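Model the full structure from these sequences, guided by the hints.
There are 2 protein chains.
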Amino acid sequence: MVSEQYKAMLSGKSVIRTLSEFAAKRGEEIGYENVFDYSLGNPSVPVPQEFTDCMIEMLQNDNPMELHGYSPSLGIPSVRAKIAQSLNERFGMNYGPEHIFMASGAAGALAHAYRAVTQPGDEILTFAPYFPEYNPYVNLTGAVLKIVPADTDSFQINFEAFEEMLNEKVMAVLINSPNNPSGVVYSEETIEHLAGILREKEKEYGHDIFIISDEPYREIAFAGVKVPYVSGYYDNTISCYSYSKSLSLPGERIGYVAVNPACRDAETIVNMCGQISRGIGHNCPPSIIQLAVSRVLDKTADLSVYETNRNLLYDCLTELGFTCVKPGGTFYIFPKALEEDAGIFCQKALKYDLILVPGDTFGCPGYFRMAYCIDTEKVERSLPALRKFVKEEYGNRG
Amino acid sequence: MVSEQYKAMLSGKSVIRTLSEFAAKRGEEIGYENVFDYSLGNPSVPVPQEFTDCMIEMLQNDNPMELHGYSPSLGIPSVRAKIAQSLNERFGMNYGPEHIFMASGAAGALAHAYRAVTQPGDEILTFAPYFPEYNPYVNLTGAVLKIVPADTDSFQINFEAFEEMLNEKVMAVLINSPNNPSGVVYSEETIEHLAGILREKEKEYGHDIFIISDEPYREIAFAGVKVPYVSGYYDNTISCYSYSKSLSLPGERIGYVAVNPACRDAETIVNMCGQISRGIGHNCPPSIIQLAVSRVLDKTADLSVYETNRNLLYDCLTELGFTCVKPGGTFYIFPKALEEDAGIFCQKALKYDLILVPGDTFGCPGYFRMAYCIDTEKVERSLPALRKFVKEEYGNRG
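Top to bottom, those sequences are chains E and D.
FYI, the UniProt record's numbering numbers position 105 of the first sequence as 105, with every residue one higher than the one before it.
FYI, the UniProt record's numbering numbers position 251 of the second sequence as 251, with every residue one higher than the one before it.
Quick caveat, the hints were computed from the structure, so don't treat them as lab data.
Predicted model, so just to flag it, every value in this text is computed and none were measured.
Be aware that one or more of the hints could be misleading.
What the hints assert, rightly or not - The list that follows gives simulated cross-link-like pairs (lysine-lysine, BS3-like), each with its CA atoms no further than 30 Å apart:
id, chain 1, residue 1, chain 2, residue 2
1, E, Lys-348, E, Lys-336
2, E, Lys-299, E, Lys-388
3, E, Lys-7, D, Lys-201
4, E, Lys-169, D, Lys-7
Below, the structure is given as structure tokens:
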């Protein structure tokens, strides 16, 4: 008989996907260029040319049996070594190749991290606003995801609520900075405060509490904003990285788990990832992609367009009277809706061909997300629609 | 705290891997070309040139955002459609794209199939000799893998033992033909008999029993041998395919799940695979590899070398008096050892730099596996070593 658990999931449809499908359909009627589709977080700039050149060069010159051969279950050793070295140079860490596990994007990395440090029934805490896919990601492991309410003033951490929710069953805290959907970067102060609390609670409970740091937006930070490297502040940190956004290749499924060498079980955790992999059928990201990415580790796609878009939108939104924390990175912005129910607000915006996502789906009702990984030219064309929407629906604010 | 379940797995070391590491080490002493390494099932012929050309062509000409963009969670629609069409033409099936789910190799495909049709505590039966990775693959889902003892006369199915082991908890039967490690192809008669029993038991138990058909060697069949397409004989069949062996690209992690359209829940099962994917962090095989493979679906690497090797080894082994079922496909042969304990037999062979794998690890003690996916020239050079080994250790048999 088919599994009831997975069958039941089929009825729940993602709000983001529904809106994105609406946008595509509307595009068929009026031309997709006229739909101001802020629904999906898909990179909108090309992969660096160096990546493409390097792929072609390997395909032309390398021994195909080596190029396309099995990767060891922890990843290709030379690739793991290069990633360790790059992290050490950039963030003053002390990784060896034995602390790196190659994974199929951030989703793959997280799937291993959750299983490595929890048993069924354990709790993982995360902070609103948060990426809604964390729910199936965690809950299907047998662990339980609990959401700490947002600090809506700053979208840093609501420590009061956090401390109330901490208990002996919490084995890991899942954070995502720069954050989807708020675009906010956790400050050094936030991370240090979090680390301090966790160190105390580890002593009190007599067991490790891991930070699982989901970092796909680590390289997308705007002028003047430093993204603190979380693992540098707390030993028991498992960093989960993906090249999807920084190199603009989300379909190629490449990322890694990096376990802080100062963490007691560092090497064991990496080796355990190899075992977890057998159960969930991973067996490494593709060999050729591992090799190509290892040659462009310190490159990124041209990410400047996201900053340009952020500026255009932030200026227009604040001018229109929106309450809005200025994003420090990513390609998201998360303003407060102009009425209590963000679902109704976003519904009204559809009349103006503005596709906005209600914050409810990110555990933060009353707000909405705009994913501005679209052409700047389209962002510019969307501003009059935004102004018209606000004026007609909410009166003369700007 | 780190997961005890995965930590405990670290102490169990694969016999095949241990032997392969021994071979590599011995190679450092006497030159790897002098080690007759029959341990590992790694393809030894290059990927078809068409695949390489097509990868280069896409990298040079395609829009990088489309080429490297997210694939929908069930796979790229055009790729799924082409695979369905190819299966229909070759095997007289009736698949639509909605019956195909793209997966990261056979391991990925199987990880989805197990979860789709079992709940924790359910049983999956498979037949010795069998691929030992099935143990962690299945047991980490919460279902239980049970092994039906071998029919050592033919390495078809031991139906007597099978019928004794069938019970209401059995939700799936996992088969692998052409078989690793025996090289044997299940005959039409075997598959029809199996299907007949299952149809009866479905009625008796009042629930579906699925065949999960693991088919990575489907394209490696030797002259005169037809590989029956299992799904053509039994409606409730989930076929799990990988291009690793047929196209010689095991590192690129590409394969699929094909659910027989006549199966009651066919489309639901495919959609459930998309949900399972969220829990295990898959999110599709790499986009560029999906696209490239879809353009060379009916090609294979030059697989003729495996038949040449099979002939050389089978002739030599039978001449030396080994009991041995002639492989109909794959790149494995599975003769009976010349003493009761195949472990001791294989240990003795190491003195002659022959790396053979004891059958115990495949659930079939007293036999041994040779993986002959190596250069023919090396197979030829290994024959005198094989003759010498048998003569010196077991007397004058040949």
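Now for the hints, and whether the structure bears them out:
At roughly 15 Å between alpha-carbon atoms, Lys-348(E) and Lys-336(E) fall within 30 Å of each other, so this suggested pair holds. Distance restraint check for Lys-299(E) and Lys-388(E): the Cα-Cα separation of roughly 40 Å exceeds the 30 Å cut-off, and the hinted pair is therefore not satisfied. With a CA separation close to 24 Å, the supplied pair Lys-7(E) and Lys-201(D) stays within the 30 Å bound. Simply put, Lys-169(E) and Lys-7(D) have alpha-carbon atoms about 20 Å apart, close enough for the 30 Å limit, and the pair holds.
Checked against the numbered hints above, the structure breaks only hint 2 and satisfies the rest.
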